[in-house]
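*Asks:* Take a look at the letters that make up each chain.
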Amino acid sequence: MSLATSLFNLTGKESELSNLVVVDHLSKRFPIKGGVFSREIGGVHAVRDVSFVIKKGETLGLVGESGCGKSTLGRCMIRLIDPTQGRIHFDGHDITTIRGDELRGFRRRMQIIFQDPYSSLNPRMTVGAILSEPLEIHKLFSTKSERLERAGELLDLVGLRREHLNRYPHEFSGGQRQRIGVARALAVEPQFIVCDEPVSALDVSVQAQVVNLLMDLQEKLGLTYLFIAHDLKVVEHISNRVAVMYLGQIVEIADATDLYLSASHPYTKALLSAIPVPDPHGKDKQQRIILSGDVPSPITPPSGCAFHTRCPQFKKGICDQEMPLLKEVSSGHSVSCHFAEED
Amino acid sequence: MDEGSFYAVDDVSFTLDRGETLGLVGESGCGKSVTALSIMRLIPDPPGKIESGSILFQGEEILTYSEEKMRTIRGNEVAMIFQEPMTSLNPVFTCGNQIAEAIALHHKGLSRTKIHEKTVDILRLVGIPEPEKRVNEYPHQLSGGMRQRVMIAMALSCDPKLLIADEPTTALDVTIQAQILELIRKLQKEFDAGMILITHDLGVVAETCNHVAVMYAGKIAEYGSVDDIFYRPQHHYTKGLLNSVPHFDSKTRLKRLATIPGVVPSMLKLPQGCRFQDRCGAAKDLCRQQEPRLRPVETDHHVSCHFPVQPHGQGV
Amino acid sequence: MIGGDRNSLWWDAYRRVVKNRLAVASFIVIMIYGLLALLASFELILPQVHLVDHARGYEPPSWEHPLGTDIFGRDVLSRAVYGIKTAMMVGLVATLISILFGVTLGAVAGYFGGKIDEMVVWLYTTIDSVPFILLVPALAFVMERGIKSLVIAMGVTSWVGLCRLIRGEFLKHRQKDYVLAAEALGASHLRRIFRHILPNVFYIILIQFSLGFVFAIKSEVILSYLGLGAEPGTPSWGLMIDDAKLELARGVWWGLAAATLFMFFLILSFNLFNDALRDALDPKLKNK
Numbered sequence: 001m002s003l004a005t006s007l008f009n010l011t012g013k014e015s016e017l018s019n020l021v022v023v024d025h026l027s028k029r030f031p032i033k034g035g036v037f038s039r040e041i042g043g044v045h046a047v048r049d050v051s052f053v054i055k056k057g058e059t060l061g062l063v064g065e066s067g068c069g070k071s072t073l074g075r076c077m078i079r080l081i082d083p084t085q086g087r088i089h090f091d092g093h094d095i096t097t098i099r100g101d102e103l104r105g106f107r108r109r110m111q112i113i114f115q116d117p118y119s120s121l122n123p124r125m126t127v128g129a130i131l132s133e134p135l136e137i138h139k140l141f142s143t144k145s146e147r148l149e150r151a152g153e154l155l156d157l158v159g160l161r162r163e164h165l166n167r168y169p170h171e172f173s174g175g176q177r178q179r180i181g182v183a184r185a186l187a188v189e190p191q192f193i194v195c196d197e198p199v200s201a202l203d204v205s206v207q208a209q210v211v212n213l214l215m216d217l218q219e220k221l222g223l224t225y226l227f228i229a230h231d232l233k234v235v236e237h238i239s240n241r242v243a244v245m246y247l248g249q250i251v252e253i254a255d256a257t258d259l260y261l262s263a264s265h266p267y268t269k270a271l272l273s274a275i276p277v278p279d280p281h282g283k284d285k286q287q288r289i290i291l292s293g294d295v296p297s298p299i300t301p302p303s304g305c306a307f308h309t310r311c312p313q314f315k316k317g318i319c320d321q322e323m324p325l326l327k328e329v330s331s332g333h334s335v336s337c338h339f340a341e342e343d
Numbered sequence: 344m345d346e347g348s349f350y351a352v353d354d355v356s357f358t359l360d361r362g363e364t365l366g367l368v369g370e371s372g373c374g375k376s377v378t379a380l381s382i383m384r385l386i387p388d389p390p391g392k393i394e395s396g397s398i399l400f401q402g403e404e405i406l407t408y409s410e411e412k413m414r415t416i417r418g419n420e421v422a423m424i425f426q427e428p429m430t431s432l433n434p435v436f437t438c439g440n441q442i443a444e445a446i447a448l449h450h451k452g453l454s455r456t457k458i459h460e461k462t463v464d465i466l467r468l469v470g471i472p473e474p475e476k477r478v479n480e481y482p483h484q485l486s487g488g489m490r491q492r493v494m495i496a497m498a499l500s501c502d503p504k505l506l507i508a509d510e511p512t513t514a515l516d517v518t519i520q521a522q523i524l525e526l527i528r529k530l531q532k533e534f535d536a537g538m539i540l541i542t543h544d545l546g547v548v549a550e551t552c553n554h555v556a557v558m559y560a561g562k563i564a565e566y567g568s569v570d571d572i573f574y575r576p577q578h579h580y581t582k583g584l585l586n587s588v589p590h591f592d593s594k595t596r597l598k599r600l601a602t603i604p605g606v607v608p609s610m611l612k613l614p615q616g617c618r619f620q621d622r623c624g625a626a627k628d629l630c631r632q633q634e635p636r637l638r639p640v641e642t643d644h645h646v647s648c649h650f651p652v653q654p655h656g657q658g659v
Numbered sequence: 660m661i662g663g664d665r666n667s668l669w670w671d672a673y674r675r676v677v678k679n680r681l682a683v684a685s686f687i688v689i690m691i692y693g694l695l696a697l698l699a700s701f702e703l704i705l706p707q708v709h710l711v712d713h714a715r716g717y718e719p720p721s722w723e724h725p726l727g728t729d730i731f732g733r734d735v736l737s738r739a740v741y742g743i744k745t746a747m748m749v750g751l752v753a754t755l756i757s758i759l760f761g762v763t764l765g766a767v768a769g770y771f772g773g774k775i776d777e778m779v780v781w782l783y784t785t786i787d788s789v790p791f792i793l794l795v796p797a798l799a800f801v802m803e804r805g806i807k808s809l810v811i812a813m814g815v816t817s818w819v820g821l822c823r824l825i826r827g828e829f830l831k832h833r834q835k836d837y838v839l840a841a842e843a844l845g846a847s848h849l850r851r852i853f854r855h856i857l858p859n860v861f862y863i864i865l866i867q868f869s870l871g872f873v874f875a876i877k878s879e880v881i882l883s884y885l886g887l888g889a890e891p892g893t894p895s896w897g898l899m900i901d902d903a904k905l906e907l908a909r910g911v912w913w914g915l916a917a918a919t920l921f922m923f924f925l926i927l928s929f930n931l932f933n934d935a936l937r938d939a940l941d942p943k944l945k946n947k
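Chains as they are written, first to last, in the numbering used here: chain S, 1 to 343; chain D, 344 to 659; chain Z, 660 to 947.
Looking at chain S on its own, in the form it has when it is part of the complex (with noise of 0.2 Å):
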């Protein structure tokens, strides 16, 4: 029985109900190809056998380090890349190979909001034409005047004025670009919106406002997120509950408070200890776990735990054979990591 069903059947009707995204065994493997014939010569396990759930209204938050597959899995979940096994259920549907029409209706459902807030708005479109063209491709309107009256109320949403609607993306900041995109994933009043690397682009003063920013749109209209982030301090502070993402695989999936005060693997540790606090005297320096060597390419990861090579708990025989599961250490909290319990 698969992961999602059997969260189905243990929590009843109630909670089938109130998860809206249900991602069960997805992987996602890209070819890499070379030679002469360009055959496939191997592949890059960007993500390998996640499964978890989100809830409505609810703000997960995904940590990790570049390349451990987080982008990855957030696309895969929408739609803009197509994952190579498993299946994601979006409200009850099974949106894992739809296309054409079915698919153009899920798409005003769930949303994304990027991390580059220069290469994600079109150059050569007025803020006017990119907010009014998924009016437009949704035929939400039928007039111009009618999309472009609806375009500046997105914006008076986040936070611009209706003056801006002429303008280009270049006459704004990066703080101010990130909300065009933000009402961009609003104009099709979606329900679910991946938000990858929202504010690591933004200088720490502006990156608070978009932060609020989000908060408050998801108290108003009742958003739920994927929020991912490599800065565990913000995604801790918005999110309800946080998976953290280690080679393609989620390691521990836990509430925010727990996972900060009670991490159980030895790599959210490590990754909690390395951050920097701006506190002078506020942390042991002493405590601090400072992990040997880089992380191992997703196209030969190691065998057995994928942390083992870095891991300061590392057991012979153990790790470096066997794959850890992800297992419930107490309520809601999951870790995948054979000496997990011993904490």
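You may find that some hints are simply not true.
With the C-beta cut set under 7 Å, the calculated list includes, among others, these residues of chain S facing chain D [unchecked claim]:
{"id": "1", "residue": "Leu140"}
{"id": "2", "residue": "His170"}
{"id": "3", "residue": "Ser173"}
{"id": "4", "residue": "Val211"}
{"id": "5", "residue": "Tyr260"}
Think of the hints as simulated: they come from the structure by calculation, not from any bench. Glycine included, every Cβ here is placed at the ideal spot set by N, Cα and C.
Fit chains D and Z to the given chain S structure using the hints.
*Replies:* Same frame as chain S, but now just chains D and Z:
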């Protein structure tokens, strides 16, 4: 000055002792990198120009040095570490080659085998595993963290007295950042060099620096020891910046973050008076008329504000 | 889209071109050439162009014939002016054909990738491996000698460079977040290609159009000179230069001078204008 030019850095002063680390923090475009490049006299002229001021290095004025003499200082006495090691390393030479070149320039007359030995030693010093093998690898064969280590090795190959690190860990992941910061701290102690660390990450500053200069729109807003800046900030900008960083705290989770409203003013259209006035909650008439000067409020703690935050007020 | 709002990148590029006086002067020269070509197409000027007077062959420049006459006694100046028509026609049609092929194939290959891409790449590498200078006359021979076959031959062979560029740009842009955002919003392939990516690579087409124009004009002259282009009797700079091979020995220099000068100023203006266009439109050169 003609139309379209501006002071990227305006009236900035600080001092740095041996073995000490000064953090230059600020948001993008605040002039922190320009300040550092000016110290190396690396501002391309034209279009850039150091209009006035003085830079004393070990008591000597380097602004009047000839370009030739400046070259002996760069890479000898002062070394730089950049943000993106991929673009600052030459892709067509091996890492060993590039370090060896730096060593050969510094220690004239060393034999080739000696230089090779020194290169391997220095790679080992910066924590590169299997340095005998890595010496022959090209930059693209290394990971981001390893490349940054090679950059550090190059910077250290000539025993600099001053190290300027421009966002050395910004492009790296957190766990790798922790490794590199640890390495920089260790080596700085070993070499007893002064260091200027440029960053936008307040956490990095808190963990590595002795003194901090917070820059805003080309000027130093506040200067002091790390404790002064983080526990007793007196400039409203510093305070706002510190408050806008999310903390691990279950009480503030899911609550709105404190923000600094508005955006950084354009350097071409700076307001009269204080540069922070439009975003400052405490701005009064005086702030709109007169530009505040950096003045001491305590020993070793300077603030450029007419109405500083009261020190007994709540810190972070 | 183009020339629209005052803040658009197009308007910005326009301002930068206008600031460059040399570019504006070149543009005016090109426009004068264009006007002359247009008037010549409808035979509205210099009606004496076809007037043959064997008795007055090889007359040196005079008031009546400012650039003298050719072997048949035809006015060299009006031959040269009508040569503009031929040159511009060849330039325009050949470039348009090459843009049609280059942009369509490049866009489709770069955007969809996979098998389609492999096919397009195979096609253009094949065409590109045959020397252009051989392929054009070969095609021209198969069809029949004349401007029409020359134009078609040049059009279907010269798209390779543009196709490569466009394919590369589409490959780059289809990965960009703004195109992904459009996909996430449910935009169709056509919308993503035409509304989103094409306006962002349009500057390349413009620059290539201008470069291709010059190339086609030069090719027409060279091929006509080699006897592979315009059929005899057509007013063509290439034919005039070809004739000069025999004329120069007799001290008749005006035919060669007229054709060369007319060609020189047109190509010079085009090249100057091209540089300005490239500076103004290339996003990499911005803020200069």
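*Asks:* Decide, hint by hint, whether the structure agrees.
*Replies:* Against the structure, the hints:
1. Leu140: For S:Leu140, the interface hint is violated, since the closest Cβ of chain D sits about 31 Å away, which is over 7 Å.
2. His170: violated (14 Å)
3. Ser173: Result: holds, 5 Å to nearest chain D Cβ.
4. Val211: holds (6 Å)
5. Tyr260: Holds: closest Cβ of chain D sits about 5 Å from S:Tyr260, inside 7 Å.
In terms of the numbered hints stated before, the structure departs from hints 1 and 2, listed from lowest to highest.
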